[in-house]
Amino acid sequence: MGPTMAAPKNLKIALAGNPNSGKTSIFNSMTGARQQVGNWPGVTVEKKLGFFTHKGYEIEVVDLPGTYSLTAYSVEERVARTYLVDEKPDVVIHVVDAGNVARNLYLTVQLLELGVDLIVDMNMWDEFTTCGSELDCDRLATLFGAPVVPTVGHRGIGIDDLLDAVVKLVEERAEQHRHVPITYGPHVDDVLSELTELLEESPELIGNYPARWIAIKLLEGDIEIRKLLSKDDDNASRILDTAERATRHIGIATKSDPEKVISEGRYGYIEGALKEVLTEEPTDRMELSRRLDSVFTHRYLGYPIFLAFVWILFQLTFRVGAIPMGWIDAFVGWLGGTLAATLPESQISSLVVDGVIGGVGSVIIFLPNIMILFLGIAFLEDSGYMSRAAFLMDRVMHALGLHGKSFIPLLMGFGCSVPAIMATRTLESRRDRTLTTLIVPLMSCSARLPVYLLIGGAFFAERAGTAVFIIYLLGIVAAILIGRLFASTLFRSAPAPFVMELPPYRRPTAKGLLIHTWERSRIYLQKMGGVILAASVVLWFLGAYPQNAGLTESLEQEIAEQQAIGSVAALEKVRELEADAAAIQIESSYIGRAGQFIEPVIEPLGFRWEMGVSLITGFVAKEVVVSTLGVLYHTGAEEGVSGRTLVEALRDPANEITPLAAFAFMVFVLLYTPCIVTIVAIRREAGTGWMWFSIAYQLALAWLVSFGIYQVGTLVGLG
Amino acid sequence: MTAKTPCTVPLTSLAPGDAAQVVNLNGKGAFRRRLLDLGFVAGALVRVIKHAPLQNPIEYCIGSAHVTLRREEAEHILVQQVPVPDWCRESVADGGRHRNRKRHRWGPRWLHRRTSR
Numbered sequence: 001m002g003p004t005m006a007a008p009k010n011l012k013i014a015l016a017g018n019p020n021s022g023k024t025s026i027f028n029s030m031t032g033a034r035q036q037v038g039n040w041p042g043v044t045v046e047k048k049l050g051f052f053t054h055k056g057y058e059i060e061v062v063d064l065p066g067t068y069s070l071t072a073y074s075v076e077e078r079v080a081r082t083y084l085v086d087e088k089p090d091v092v093i094h095v096v097d098a099g100n101v102a103r104n105l106y107l108t109v110q111l112l113e114l115g116v117d118l119i120v121d122m123n124m125w126d127e128f129t130t131c132g133s134e135l136d137c138d139r140l141a142t143l144f145g146a147p148v149v150p151t152v153g154h155r156g157i158g159i160d161d162l163l164d165a166v167v168k169l170v171e172e173r174a175e176q177h178r179h180v181p182i183t184y185g186p187h188v189d190d191v192l193s194e195l196t197e198l199l200e201e202s203p204e205l206i207g208n209y210p211a212r213w214i215a216i217k218l219l220e221g222d223i224e225i226r227k228l229l230s231k232d233d234d235n236a237s238r239i240l241d242t243a244e245r246a247t248r249h250i251g252i253a254t255k256s257d258p259e260k261v262i263s264e265g266r267y268g269y270i271e272g273a274l275k276e277v278l279t280e281e282p283t284d285r286m287e288l289s290r291r292l293d294s295v296f297t298h299r300y301l302g303y304p305i306f307l308a309f310v311w312i313l314f315q316l317t318f319r320v321g322a323i324p325m326g327w328i329d330a331f332v333g334w335l336g337g338t339l340a341a342t343l344p345e346s347q348i349s350s351l352v353v354d355g356v357i358g359g360v361g362s363v364i365i366f367l368p369n370i371m372i373l374f375l376g377i378a379f380l381e382d383s384g385y386m387s388r389a390a391f392l393m394d395r396v397m398h399a400l401g402l403h404g405k406s407f408i409p410l411l412m413g414f415g416c417s418v419p420a421i422m423a424t425r426t427l428e429s430r431r432d433r434t435l436t437t438l439i440v441p442l443m444s445c446s447a448r449l450p451v452y453l454l455i456g457g458a459f460f461a462e463r464a465g466t467a468v469f470i471i472y473l474l475g476i477v478a479a480i481l482i483g484r485l486f487a488s489t490l491f492r493s494a495p496a497p498f499v500m501e502l503p504p505y506r507r508p509t510a511k512g513l514l515i516h517t518w519e520r521s522r523i524y525l526q527k528m529g530g531v532i533l534a535a536s537v538v539l540w541f542l543g544a545y546p547q548n549a550g551l552t553e554s555l556e557q558e559i560a561e562q563q564a565i566g567s568v569a570a571l572e573k574v575r576e577l578e579a580d581a582a583a584i585q586i587e588s589s590y591i592g593r594a595g596q597f598i599e600p601v602i603e604p605l606g607f608r609w610e611m612g613v614s615l616i617t618g619f620v621a622k623e624v625v626v627s628t629l630g631v632l633y634h635t636g637a638e639e640g641v642s643g644r645t646l647v648e649a650l651r652d653p654a655n656e657i658t659p660l661a662a663f664a665f666m667v668f669v670l671l672y673t674p675c676i677v678t679i680v681a682i683r684r685e686a687g688t689g690w691m692w693f694s695i696a697y698q699l700a701l702a703w704l705v706s707f708g709i710y711q712v713g714t715l716v717g718l719g
Numbered sequence: 001m002t003a004k005t006p007c008t009v010p011l012t013s014l015a016p017g018d019a020a021q022v023v024n025l026n027g028k029g030a031f032r033r034r035l036l037d038l039g040f041v042a043g044a045l046v047r048v049i050k051h052a053p054l055q056n057p058i059e060y061c062i063g064s065a066h067v068t069l070r071r072e073e074a075e076h077i078l079v080q081q082v083p084v085p086d087w088c089r090e091s092v093a094d095g096g097r098h099r100n101r102k103r104h105r106w107g108p109r110w111l112h113r114r115t116s117r
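Chain order of the listed sequences is A and B.
Take 1 as the starting number for the first sequence in the working numbering and just add one per residue.
Take 1 as the starting number for the second sequence in the working numbering and just add one per residue.
Think of the hints as simulated: they come from the structure by calculation, not from any bench.
Every residue, glycine too, gets a C-beta built ideally from N, C-alpha and C.
The hints are all genuine.
Ranges between beta-carbon positions, derived for each pair:
no., chain 1, residue 1, chain 2, residue 2, range
1, B, 8, A, 145, 30 to 40 Å
2, A, 241, B, 29, 15 to 25 Å
3, A, 237, B, 29, 19 to 29 Å
4, B, 28, A, 171, 38 to 48 Å
5, A, 194, B, 27, 21 to 31 Å
6, A, 164, B, 15, 45 to 55 Å
7, A, 319, B, 15, 39 to 49 Å
8, A, 145, B, 27, 28 to 38 Å
9, B, 28, A, 241, 18 to 28 Å
10, A, 164, B, 8, 46 to 56 Å
To spell it out: a stretch of chain A is covered by chain B in this simulated footprint if at least three of its residues, at any positions, have a beta carbon under 8 Å from a beta carbon of chain B; those stretches are:
no., segment
11, 66 to 72
12, 100 to 112
13, 263 to 277
14, 298 to 304
Here chain A stands alone, though its shape is the one from the complex (with noise of 0.2 Å):
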């Protein structure tokens, strides 16, 4: 809003800071759980936002990603800049580690060069005091023209005084703003005021942003300003002419370049600044987590205590949660069964008790999972640990062209792809975090072993467990492959280094788990859990519709008939013939109708069409595979009528199912495309574009790889 003259009663405050420094406990501090939790437009990072008042002002903060510049390299930082300069906030807070003080003020030091209105938060104060540290924040505030304020973010001291600074900051604004622009020696000084000149004559061509910050950013070779420049205008090639003339200029002159120069520039000024404001104890903070990492990282003990731990955050998300799992499916199974009978039969008790509860109950079901999982996701990170989880996997997921932490989301998606594509909000890089959601479908997600048990069972006997191995390892090895495959092509533009911080141990806050949790659990229900619901209720339609009325009416009056008699036989009968309604139901429908009509692509892998029904309706949930098999083959998913077992209808040889297009059948279930909650879950990580792509991606491998094996192995002669 600008410098008003009157002090505006709302405030829009900012949260900068580089990870890791306690930005996000800070936030915690001033909001509690009043956030709201979205995507910055356009792009997958997270935007943060959080309400409250002080003193009489209504404060609107957001959360700024963690950053340690403001380069237009990364999504982050162009996020973080572009807000800053085009929502210009009344007040940056930048939240500073007081122990790593020097690095920290490098953002600062550019945060003013944006000519934001800042205040530096000297957070961790209690850890960086007991070290036996001194810093002159009274000083310091003169060297940089902004107020620093200590703070202990997670234990909520000092957040008060910050506001009391933000207001006062407001207040008087005017005699406040005062940064003196730093120096970067002579060469570079020369053409920053000459550029800077040239800039400020045409004003149009940069918009919101100072003339001096535009002109370093030209000399760093900043793509994005470029962009801004190369316009065709007179003023702007000149500009860029100036500026192209210049870096030329400075590498043969400091035999370097401008960006190395510049960044130098600015840790040389702040280790001056540093000098007159800071006693450092020559102590090492990371003593502590030293002693911790030659536990944790250790050569021998480092992988069995990471297996140790991911194995626990195993059993608690998918075992303890199987629980409460069981509980919600009990009371939805209940709620739809009680519905069932008191509503009267129509098509809209059918919408109600199968759709819409159903569709309900397949997305609460998943929330015990999600919490757990991401409970234990933020201790491992709020603790540190994580970051070292990633130092010990690096060189392995490294080959697979992922990152370290790329490994916890896959090992999750054995168990469920959906908490572990959200998992992958862990990793910074938008190309590992794309990556990583393209691969973990392709582990075998726990709803998929029911297929692969009663297939298994049915066509290999004794043998289904190693028929099962062979199809979790094949998820594996195509997960290498695939894996490898996008990285060296799709991925290749943006490589991504392994720079990675190791923080320091820290005991997590039960008030920062909690609040992790519950944001990820609201995200899920709030922005998946309609359009899962939705989706639900479509798939519902297509399985319902259109009914067969004539046909079932006829059955109905045939199953009245029966049940009239009463006889045993007769009750057989009616058993028959209501599997026989169910069957023609599906049959007839417009999914029954699909699987019908994809019979010539999907006969290559030796699939009947009662396969391909199953599929289809297997994008709902893996395991509804299994149910529709049992409904198209006259049986329920056990036991069916005749006594004849859903096993049994498979094996029999009148269904020309080979043992060979079973295992075809398998493999399939196992490569193609997830079901719809993972989709949705895809699309909410990484975008549309991508979830489009990763639909199509594995039903062509999908097909291609049974159609492969069915086809060879048909050739070798094993069908």
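Place chain B on chain A using the hints.
Coordinates of chain B only, in the frame set by chain A:
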């Protein structure tokens, strides 16, 4: 800055416990800038903390932060070895072991054997 001195070596040629001063940075684009932003500027003091168990990412200390780099990335950083500063000699010289601190040696002895080369 001393641009070229005979003993300028890539950072990867140092062993855990060594200290060095950054002389120059090769590489380009986003990666080089990230290193600059993290403080790998000429004159900065870097210490090698430890190699990951599979030898590949390596933990370095720059400023007061610990940062991991892959071997192929650390190769872009050219340094000059310097004596380890006194204040961190004890904690680093043996790459993470603490010979003189008996009270912190919990657990069996084998747990405290060399953690890195």
